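**Student:** Residue numbers (our numbering), protein chains in the order written: chain F, 1 to 267; chain Z, 1 to 194.
No lab work stands behind these hints: they were computed from the structure.
Since the model is a prediction, treat every value here as computed from it, not as a measurement.
For every residue, glycine included, the Cβ atom is placed at its ideal position computed from N, Cα and C.
Please note: incorrect hints may appear among the correct ones.
[Said to hold, decoys possible] Examples of chain F residues lying across from chain Z (beta carbon under 8 Å, computed):
#: 1; residue: 128
#: 2; residue: 132
#: 3; residue: 133
#: 4; residue: 136
#: 5; residue: 221
#: 6; residue: 247
#: 7; residue: 258
[Said to hold, decoys possible] Restricting the straight-line Cα-Cα distance to at most 20 Å, the calculated cross-link-like pairs of lysine to aspartate or glutamate (EDC-like) are:
#: 8; chain 1: Z; residue 1: 22; chain 2: Z; residue 2: 46
#: 9; chain 1: F; residue 1: 118; chain 2: F; residue 2: 104
#: 10; chain 1: F; residue 1: 86; chain 2: F; residue 2: 104
#: 11; chain 1: Z; residue 1: 22; chain 2: Z; residue 2: 8
#: 12; chain 1: Z; residue 1: 22; chain 2: Z; residue 2: 42
#: 13; chain 1: F; residue 1: 232; chain 2: F; residue 2: 34
#: 14; chain 1: F; residue 1: 259; chain 2: Z; residue 2: 146
#: 15; chain 1: Z; residue 1: 156; chain 2: F; residue 2: 31
#: 16; chain 1: F; residue 1: 259; chain 2: Z; residue 2: 142
[Said to hold, decoys possible] Ranges between beta-carbon positions, derived for each pair:
#: 17; chain 1: Z; residue 1: 159; chain 2: F; residue 2: 197; range: 39 to 49 Å
#: 18; chain 1: F; residue 1: 222; chain 2: Z; residue 2: 92; range: 17 to 27 Å
#: 19; chain 1: F; residue 1: 237; chain 2: Z; residue 2: 157; range: 15 to 25 Å
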Amino acid sequence: MESPAPPARAPVPARPGDTGTVLERCITGIEGLDNILGGGIPRGSAVLVAGSVGTGKTTLSLEFLIRGAERGERSLFLSVTEASDKLVQNLSTFEFFRTDLVVDGSLVFVDLPVIYEKLGMLGAELSSEELDILLRTIRDLVRSLGVKRLVLDSLTSLGYRIRTDEQIREFVLRLGEEMNACGCTALLVSEITPTQGRYSTRGVEEAIVDGIILLWNARRRGDIHRVLQIIKMRGSAHSHAQYVIELTPIGLLMTPHLKGARSEGED
Amino acid sequence: MAPADIGDRLRALPPGSAVGLKLDPREYADQYFAVLSAALRDVGSEPGTRTIYVAVTSPASFVWSLAQALDVPTDRISFVDAISHLMMHYQDPLPNATYVESPRALESIMLRVEYLLRRNPSPRSTVIIDSVNSLAIHNPSELLSEFLHILLNHLKSRQVLTLVLETTEEQAASVEQLLNLVVDETIDIARLGP
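If we strip away everything but chain F, and leave its shape as in the complex, we get:
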């Protein structure tokens, strides 16, 4: 089955000097990230947060949601594998996390397996019809709650139940369209292996999404640094440099990755 061509999105000023419509930004609230993004993620974008195990994908995504909820933007975490109550427990390590954000519904956690069960999607693989229903369920949830920030953790785990590349391509494309129509900025977590050479398991998702934030562990003379780099962000004149990050109780901190010595395994 041929996938339809991506529909036209709102015009964007891709580079400084362009005269297109200036997109509203979704200020992530992660100071360093907003700086290198030129003020935040263009609102309504679908962004892949790609990285291998232990690189900080979930932590970055959670901070994005908490900072949003603090700013009055309702935030939704769709968990595919990890139970929400365990995730909420882990949030207590963040000094900026307030439980009242969860209590008052500013920060919402939903376990995707619960949705599967309610929708009777109990098979190992999801059919195209089931994917369509799942997509509409997520859209309705976002619309009814007025969600402005969404995290799907992870797209990779969801993808294990999707049989073909065409299906996952269609799913990501339509999810991006729906979220864009709702003015909801979405982070889609993508688990990759260091040697994979691409930003998603299937390799088709990365071409469809609006942005890619890549995280990896870089080695320099035996020491390991967590590194972040914006690979692409449509509508944003963003930095392409590499930044070392640390996940601290006060949030994600970033500093330029020193280039005096190359990391092992780099070109």
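Assemble chain Z onto chain F, guided by the hints.
**Tutor:** Chain Z only, in chain F's frame:
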């Protein structure tokens, strides 16, 4: 040289200054203690002042014991300790210290300094880097110069007073050159007085 003389010089510096403090290895112990006294007791005791001490030469526990001898209050000083792990000297971590695994982890040192600045906001912060010589032992000069350039400019933009300890005669000419490029001035402690 007396600590008060050094303290007077440091207090006279404009906010955001980056200063090299040159110590003579032949009189290292006396000069180091005088600098520590001036930086922690004279400058560091002024209202609203907090000090972040980046320990690369000696473990934070050693510097902290000296600070205690100078009656520096615990809540006025924090440490970024980048040497204890390497020296296997990590059994009894200080509550006011954050530990970096290696003096080679320069980005981590920068991030821990930033963390402490944000965690303990103060209108008058001082960062002491002890020392450029120790950092030079563990890092190639190209990397070290990049580190100093980024860190010192960042601290300058935040109006933080930065003191970089250096020991003359021990350091390679390249280290002295790169330090001269990033600091506003260098104070030769031996020349400050009797």
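**Student:** Which hint numbers doesn't this structure obey?
**Tutor:** 1, 2, 3, 4, 6, 8 and 9
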